[in-house]
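Protein sequences, first through last, are from chains A and B. Just so we're aligned: 128 in the numbering used here is position 143 of the first sequence, and the numbers increase by one with no gaps anywhere. Quick note: to get the numbering used here, add 303 to the position in the second sequence (first position is 1).
Hints in this document: simulated from the structure, not taken from any laboratory. Where hints are given, some of them may not hold.
Simulated DEER-style distance windows between Cβ atoms [stated by the list, open to error]:
#1 A:S25 to B:A496: 39 to 47 Å
#2 A:C72 to B:R334: 48 to 56 Å
#3 A:A201 to B:A609: 21 to 29 Å
#4 B:G611 to A:R68: 23 to 31 Å
#5 A:A201 to B:E477: 25 to 33 Å
#6 A:P213 to B:Q466: 55 to 63 Å
#7 A:K237 to B:Y410: 27 to 35 Å
#8 A:Q80 to B:K435: 39 to 47 Å
#9 A:D175 to B:Q415: 55 to 63 Å
#10 B:G399 to A:R178: 42 to 50 Å
By construction, the Cβ of each residue, glycine as well, lies at the ideal position given by its N, Cα and C atoms.
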Amino acid sequence: MRATVAFNRQISPAYLQLGIAAPAFPATFRAGEFVMIRPSWVGDPFLPRAFSIYRIFTRPSGGASSAGDAAPVVEILYKILGRGTQCLSRMEPGQEIEILGPLGNSFTLPDDLGQAVLVAGGIGVPPIAALAAQVAQIRNSKFEIRNLDVFLGGKTSEDILCLKDFEEAGAGVHITTEDGSLGTRGLITDVLRPCLLTPHASRLTLYACGPPGMLAAVAGLAEESGVPCQASVEANMACGFGACMGCAVEVKGDGKSYKLVCKDGPVFDSREIVW
Amino acid sequence: MSQEPRAAGSPTPNPQSPTPVDLSVNVAGIRMKNPVMTASGTFGYAQEFEQYMDLNRLGALVVKTITRLPRPGNPPPRIVETPAGMLNAIGLQNVGIEGFIREKLPYLRRLQPPLIVNVAGESVEDFRELTKRIGDQEGVAGIELNVSCPNVAGGLDFSTDPQLAYRVVKAAREATPLPLIPKLSPNVTDIVAIARAVAEAGADAISLINTLVGMAVDVRTRRPRIGNVTGGVSGPAIRPIAVRMVWQVARAVRLPIIGMGGILTAEDALEFMIAGATAVAVGTANFIDPEAPVRVIEGLEQYCTANGIQDVRQLIGSLEIPLGIDE
Ligand SMILES: Cc1cc2nc3c(=O)[nH]c(=O)nc-3n(C[C@H](O)[C@H](O)[C@H](O)COP(=O)(O)O)c2cc1C
Ligand code: FES
């Protein structure tokens, strides 16, 4: 659907935050859902890009507002990694942009959830921040969820994002960086491991999003400690809605079998996937 | 996602125009209310698109290739963007013919546009069987024979050798009276020789073109960018090649041609029709804009209105080559 750039700003040296005012977009979403985004002209880069939804807010339509002011603003976070994101980083407020979504499935919170442990690596953080907000919201109504912990990992301190969101959600935050510039020096799994192997790790569910190596390691830990883990995975995508069959991920089953990340995912039970 | 109120299927009359444009075409007995169809493998089984567009506006529907047995498809990554297009090696992932008949056909049958089922076999006998089984189903208007998928190992490519292509079409011909539309590969030196062979074997129309075999390398890892190493290139990058092949075949063979390859807009579709295509298929464009086929249909109508063309068929093969040009 046709939309316009509301803002596009740097939030740290390597990361940007894009807001898209999309009149026809729903005002709510579920953590894990994503959108396909491309400039409104067709050219280079050619394919739309997939981004997890970080937040959606509806601007109050105040006094001298034009009609577009009340449109939901869909926010994403991104890092300049290739030509697609480079092109995105040059877009300015008011420019037209195409957005399709919300797409895909979402994280689920089991009714008897006791403790939610969220894990995000680098630019995997937006759906995790969205989930933290969602958990905080229902924590008020469902007293069940005793604990909310977040493990954030990155190469350096620059890769640690959304700290304020996690604070607001009342989460215990654990940070690791590979160079030790913030939090514990090392890998996310180094600090996650002891937490999962404690005796009170029952009714605990892991929620993870991040680079493939990290996800595989977290999935391995989950398996080891018998903890369920929902992982949001990535794949090259052309369409985002199940038409091209390009976004396959291998799942366990008889012989080779695949699922589509855009339609069956992006969130999967980590035990289902061949890592 | 702007949707028109469902004037289900009725040809959209243009209130401004005194003489409405006739967009209908006839491809080997398949009556289409406009010349725009979907390219196999880029439109799923149509249901994926129902929330984005009115499927009944399409001239015809072509669905993803069906094989005899279900196929899991190729290992990822299966796609990657390339300049003005993409490279894919999906590997014909599909539910198999019985799964298709059970799970997909009932939905497709309820739609108004004529349904063209695309099939691929691993042998001449496969093609015969598939054509027979599909031909026996209710609600199928035609069969596209995918003799040209570049992404499956084991010699599935029957369209680089005129004799093999002939045998496949001949076997299918014996199995069904339905319109047969072989879809040819552009990965050949002489497309006309292949087109002549399938025409002689009894084809009713020809689809041109499938993807061009290509490859992309990640220079950081020194690995191929897709799991299958090579794949098929599609999108605007291949359009000039597709238009050229349509033109060559249209001059040599008296069969209707369905032209495709990088069509994003009505202007792109017009190139194909002027070069000799009776109908066109929108492929990769569906991924970047699920409403692309509708935009092409609307653009065709606008073009005809603006140029005083009352019947879109006037455009077919209307290419003018200036005198004195040595073709
Ligand atoms: C992802 C993808 C999957 C495709 N799958 C099939 C297929 O299953 N059967 C087939 O005959 N052609 C298949 N094609 C080829 C298209 O139908 C079409 O011939 C080709 O892509 C050129 O048109 P385009 O540039 O408009 O996409 C596929 C193309 C793409 C991009
Ligand atoms: S991205 Fe096209 S099917 Fe998933």
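Hint-by-hint comparison with the structure:
1. A:S25 to B:A496: 39 to 47 Å: 43 Å, holds
2. A:C72 to B:R334: 48 to 56 Å: The hinted range 48 to 56 Å is violated for C72 (chain A) and R334 (chain B), with Cβ atoms some 43 Å apart.
3. A:A201 to B:A609: 21 to 29 Å: 57 Å, violated
4. B:G611 to A:R68: 23 to 31 Å: Since the Cβ atoms of G611 (chain B) and R68 (chain A) sit about 43 Å apart, the hinted range of 23 to 31 Å is violated.
5. A:A201 to B:E477: 25 to 33 Å: 52 Å, violated
6. A:P213 to B:Q466: 55 to 63 Å: 58 Å, holds
7. A:K237 to B:Y410: 27 to 35 Å: 29 Å, holds
8. A:Q80 to B:K435: 39 to 47 Å: 54 Å, violated
9. A:D175 to B:Q415: 55 to 63 Å: 60 Å, holds
10. B:G399 to A:R178: 42 to 50 Å: 44 Å, holds
In summary, the structure is inconsistent with hints 2, 3, 4, 5 and 8 from the numbered list given earlier, while agreeing with the others.
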